[in-house]
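Please work from the sequences and hints to get the whole structure.
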Amino acid sequence: MLAFTSLLAGLVFGIGLMISGMANPAKVLGFLDLSGRWDPSLALVMGGAVAVSAVAFSIARRRNASLLGAALKLPTARQIDRRLVIGSTLFGIGWGIAGFCPGPALVALGMGEAKAVVFVVAMLAGMGLFELVEWKKQSPALRTR
Amino acid sequence: MMIDWTAFTPWPALAGGALIGLAAALFLLLNGRIAGISGVLGGLLKPVKGDIAWRAAFVLGLVGAPLVYGLFQRLPVPQIDADYAALIAAGLLVGVGTRYGSGCTSGHGVCGLARLSPRSLVATACFMAAGFATVFVIRHLFKI
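As given, the protein sequences belong to chains X and G, one line each in that order.
With the first letter of the first sequence counted as 1, position 113 gets the number 113 in our numbering; the numbers rise by one all the way through.
With the first letter of the second sequence counted as 1, position 99 gets the number 1099 in our numbering; the numbers rise by one all the way through.
These aren't lab readings, by the way, just hints derived from the structure by calculation.
Quick caveat: nothing in here was measured; it's all calculated off a predicted structure.
Check before you lean on any hint, since a few could be wrong.
Residues on chain G that point at chain X, a partial pick, calculated with CB under 8 Å [stated by the list, open to error]:
| no. | residue |
| --- | --- |
| 1 | Asp-1004 |
| 2 | Ala-1007 |
| 3 | Thr-1009 |
| 4 | Gly-1032 |
| 5 | Ala-1035 |
| 6 | Gly-1061 |
| 7 | Leu-1075 |
| 8 | Pro-1078 |
| 9 | Gln-1079 |
| 10 | Ala-1090 |
| 11 | Ser-1102 |
| 12 | Ser-1106 |
| 13 | Ala-1129 |
| 14 | Phe-1132 |
All C-beta atoms in this analysis are idealised placements derived from N, C-alpha and C, irrespective of residue type, glycine included.
Spelled out as structure tokens, the structure:
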């Protein structure tokens, strides 16, 4: 059941990305180009998404489990540290270069765009690289795989 | 700054945004999870038993969205101007950055802001500022 609702959420998310224009890198870059001819549309995408999901978060706060009885896994990290700032900045640079962030890239992959395939493979390689470095940082005793 | 009114699409932006919010809401209320794409995807690279199916299903939903959308509507055609070298560099930066910073536009930008997380507010400010700066450098400083 959780896999089915997950699939449904992914589908709705992807359709939202397509309708909003987020799945089109040229549109995203038009939003990021403040000093050129600026297209403010994506501010409304973010605004609309935050407004709707905020309702769900306020409901979730008053519950102990999801409607299907799954554990509510809300992030517990609070610290604003170097990792957060540097990681988010690196992500922003990549976002500004190609106009792709992870969700839209997966949607464009589903459209069969060759360039999206290249981006997604590079993105997965970057994520894999991160996992590898994190694993190497661990003491050998903690290396479980 | 000059607003490009011809490119401005407020209604599809709001409607699409509301759908994204609805998806995040469904995911939270049904599955109890944050709809952060980089986190869902990243978890598949370091698989934990019993934690794979929902992640794979969510990714499948995203990748399959054009297929479903195409049954009812003409598919929008994405315009991807970056060349292959730029796409590889961008992909690597997005991959490393989203994992190191624990989130992307969905996890920090949508869900984090919706639950008023100061951490996500800082992350969102960082990637937005970096995105604005990068496009400025590429388009206006180097005029690529």
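Tested hints:
A cut of 8 Å between beta carbons decides the hint on Asp-1004 (chain G): the least distance to chain X is about 4 Å, and the hint holds. The beta carbon of Ala-1007 (chain G) is positioned within 8 Å of a beta carbon in chain X (closest approach about 4 Å), and the interface hint is therefore held. Contact between Thr-1009 (chain G) and chain X, as hinted, is supported at the beta carbon level, the nearest pair being about 5 Å apart and thus within 8 Å. Interface restraint check for Gly-1032 (chain G): the shortest CB-CB distance to chain X comes to about 4 Å, inside 8 Å, so the restraint holds.
About 6 Å separates the beta-carbon of Ala-1035 (chain G) from the nearest beta-carbon of chain X, less than 8 Å, and the hint is met. Evaluation of the Gly-1061 (chain G) hint against chain X yields a held restraint, the C-beta minimum of about 2 Å falling below 8 Å. The interface hint given for Leu-1075 (chain G) holds, since its Cβ lies 6 Å from the closest Cβ of chain X, which is under the 8 Å cut-off. Here the hint on Pro-1078 (chain G) is kept, as its CB sits about 5 Å from the closest CB of chain X, short of 8 Å.
Look at Gln-1079 (chain G): its Cβ gets to within about 4 Å of chain X, closer than 8 Å, so that hint holds up. Hint status for Ala-1090 (chain G) relative to chain X: holds, with the closest Cβ pair at about 4 Å, below 8 Å. Taking 8 Å as the C-beta cut-off, the interface hint given for Ser-1102 (chain G) holds, the closest approach to chain X being about 7 Å. With a cut of 8 Å, the hint placing Ser-1106 (chain G) at the interface with chain X holds, because the nearest CB-to-CB distance is about 6 Å.
With a least beta-carbon distance of about 7 Å to chain X, the hint placing Ala-1129 (chain G) at the interface is held under the 8 Å criterion. Satisfaction of the interface hint for Phe-1132 (chain G) is found here, the shortest Cβ-Cβ separation to chain X being roughly 5 Å, below the 8 Å cut-off.
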